[in-house]
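K.L.:
Here is what each chain is made of, one letter per residue.
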Amino acid sequence: MFRGLYAIIYKETRHILRDPKTLFLMLLIPMLELTIFGYAVNLDVKNIPTVVYNLDGREPSRKLVDAFVNTGYFTVVGTAHSDAGMYGAIVAGNVKVGIKIPPDFTDTLVTGTTTKVQVLIDGSDSTSALQALNTSNAIAFGQSIKILSRVVGGVTEMPLEVRPRILFNPDMKTANFMIPGLVGVILQVVIMLLTAFAIVREKEQGTLEQLMVTPVSRLGLILGKLVPYGFVGICESISVLFLMRTLFQVQIAGNILYLAGFTLIFLFTTLSLGLLISTFTDNQIQALQFSFLILLPSFLLSGFMFPQETMPAIIYWIGQVVPATYFIRILRGIILRDAPLEALWHSGLILACMGVCIITLATLRFRKTLA
Amino acid sequence: MMRKESATISSSTIIKAEGLTRRFGDFTAVDHVDLDIEQGDIFGFLGPNGSGKTTVIRMLCGLLRPSQGRATILGNDVQHNSEAVKRSIGYMSQQFSLYGDLSVMENLKFYAGIYGIPRKERPARINEVIDIVGIGEYRRQLAMRLSGGWKQRLALACALVHRPKLMFLDEPTAGIDPVARRDLWNLLFDLAGQGITFFVSTHYMDEAERCSHIGYIYFSKLIVCGTPGDLKRLPEVTPEGAVRLELRCPRIAAAMRCLNTFDYVLDATIFADVVHVLAQEGYEKQIVDDLGRHGFPGATVHPIPATLEDVFVTLSRKRAKENGRV
Ligand SMILES: Nc1ncnc2c1ncn2[C@@H]1O[C@H](COP(=O)(O)OP(=O)(O)O)[C@@H](O)[C@H]1O
Ligand SMILES: [Mg+2]
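Order-wise, the sequence lines are chains A and B. Just so you know, we're using our numbering here: the first sequence kicks off at 439 and counts up by one. Just so you know, we're using our numbering here: the second sequence kicks off at 107 and counts up by one.
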């Protein structure tokens with residue numbers, strides 16, 4: 439059943455070691471991807487460039503501007519002297535927010551009538567816009583309460599106070615949330631291609647035809663490709679996790695042994711998927727195109743970018759057949775929440791079952807005859 | 107018109123094919139090929155490019171399923187028992203298909219492992235094939251750095267490592283230099299002497315002459331099969347009442363056009379600086395005179411036996427004419 443397994447492992451290991459340049463690239467590329475995408479997906483909005491058009495200019499109006507700046511979300515980069523000037527700065531893209539304080543700001547505060555502070559927000563960057571909107575509302579609310587309590591007098595305590603506490607990621611750093619997911623997506627893609635290319639390359643070079651007339655068994659050939667690239671996959675995983683820990687300062691809260699164990703299961707499933715792809719494709723270009731079928735759902739439907747719970751049913755189910763989905767859950771569980779085994783094992787089991795099904799399918803589909 | 111040297115299956119038959127056919131969509135690449143090849147033969151499989159040689163070999167090796175017909179190798183059906191077939195044969199495909207980034211030794215070790223040769227016997231077995239093909243001094247050389255001839259020798263060594271009784275070589279001498287070609291053939295004769303049967307495809311006539319048996323495949327059909335001597339004596343090649351002449355004269359191309367206008371000339375083909383003429387018996391002298399009258403004086407003729415090339419050219423023309431009529 440495993441006839442030829444050792445010979446294939448021997449040969450494949452030679453191929454890998456003989457070509458240190460490719461080996462180096464295999465390790466470098468996922469690290470590069472993590473670095474580039476890691477910074478790109480950093481959704482923390484800080485220091486939104488802001489222009490102030492202050493028609494009042496007295497002490498209370500300056501305090502209001504300070505309130506904005508003190509949140510850390512706004513940085514005043516200039517002052518405007520007309521509506522058009524403020525508007526123009528936003529259109530030009532120099533600033534994303536404009537704050538206009540009316541000339542009678544201080545007076546209306548004193549008389550107790552409603553004063554209107556205009557905040558213009560550039561909606562073309564939805565993340566910054568949302569942040570600016572929420573913060574402005576919060577500031578308006580906070581300032582109003584202060585003023586009200588002063589006017590009403592005697593009220594020193596809030597009647598109701600909500601105290602949200604964000605668990606596991608107290609600073610709401612997107613790095614903490616995004617980077618483990620990104621690790622999952624990147625590993626999914628690069629590792630799948632390792633085995634897909636390993637077989638398709640032999641098709642291109644005609645060496646597979648020669649192998650097909652030997653008594654090598656299908657399982658021997660498939661596993662013989664899987665094992666050496668499994669080691670490459672382990673090295674890639676370690677290097678990427680190392681980069682996550684050092685460059686992005688994402689701590690691994692949970693058990694490192696769990697992480698290692700589940701990563702091995704994920705590697706098995708993903709390498710098997712690569713082998714399955716190789717049975718559909720005749721050259722490396724086709725294999726690459728095929729991998730996009732997995733790549734896009736890994737990015738968009740795996741829960742990496744968007745929460746899966748809000749997806750339409752069919753899209754949700756597509757996401758459920760992508761191995762990255764389960765691996766990302768496991769990674770976030772272990773790295774961010776120090777999740778116990780009970781919370782992880784079913785994702786691991788699904789991954790393992792997927793792997794067994796995929797490698798069985800790949801073995802059955804692999805023919806020792808030419809098309 | 108199918109010709110076999112024996113109609114009965116002898117006990118030493120090693121390849122037997124009956125009505126072997128392979129279609130790719132509408133196109134029939136191999137059309138009802140019958141073969142009966144005996145142990146110890148060097149069977150030369152001739153045919154122009156695209157005639158179906160590789161397809162036949164792939165079917166015999168169990169690499170391609172026949173669309174129709176059947177074949178047995180050493181008694182094993184190639185379709186239903188292809189794994190048994192694979193254990194008993196060696197195969198060298200048309201293009202170099204060893205691992206260029208592995209050394210000679212590593213390629214040999216790999217194939218020794220794949221064929222399940224017991225670990226203890228491997229070094230001895232590898233040394234044995236290294237000695238046979240004489241590649242000893244290149245042991246550590248990467249396969250891709252070998253010259254064409256040495257690549258073929260390495261491929262042969264890898265295909266021999268499990269001591270197959272039957273070897274399929276698909277155009278082993280294509281693209282290698284003449285000296286290496288000669289050496290490779292000498293090696294094949296050595297091995298054939300040790301009892302290995304060879305099935306070798308080629309399109310070199312001189313190689314065909316050296317084979318013990320020849321099959322000629324043309325446009326997917328096996329037209330003829332037999333020993334070189336048998337083929338040269340085929341009545342279609344030299345019909346009753348006709349002779350083959352070798353004719354020398356200046357301005358040979360023009361002379362040939364002229365020859366074709368004589369009604370007693372059945373066929374004329376240029377071979378390098380001579381024309382091979384198939385003419386009716388008794389016109390040997392008249393040819394020279396007629397050529398002289400048409401402005402080609404000084405021609406000489408003498409009778410020759412048919413060459414294999416004559417055989418293939420004649421049969422191909424005949425087949426093309428028949429196809430044309432259909
Ligand atoms: N896999 C295939 N699909 C379609 N056509 C093929 C395939 N393999 C071979 N052929 C066609 O079959 C014919 C015979 O090919 P082949 O056996 O390679 O010829 P030869 O080896 O004599 O040059 C060619 O016309 C070729 O194009
Ligand atoms: Mg061919």
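The set of hints was computed from the structure by calculation and includes no laboratory data. Keep in mind that a hint or two might mislead.
[Unchecked claim] Calculated pairs, DSS-like style, for lysine-lysine (alpha carbon to alpha carbon, straight line, at most 27 Å):
| hint | chain 1 | residue 1 | chain 2 | residue 2 |
| --- | --- | --- | --- | --- |
| 1 | B | 327 | B | 338 |
| 2 | A | 806 | B | 122 |
| 3 | A | 554 | A | 459 |
| 4 | B | 427 | B | 327 |
| 5 | A | 806 | B | 271 |
| 6 | A | 554 | A | 538 |
K.L.:
So which of those numbered hints doesn't the model satisfy?
P.N.:
3
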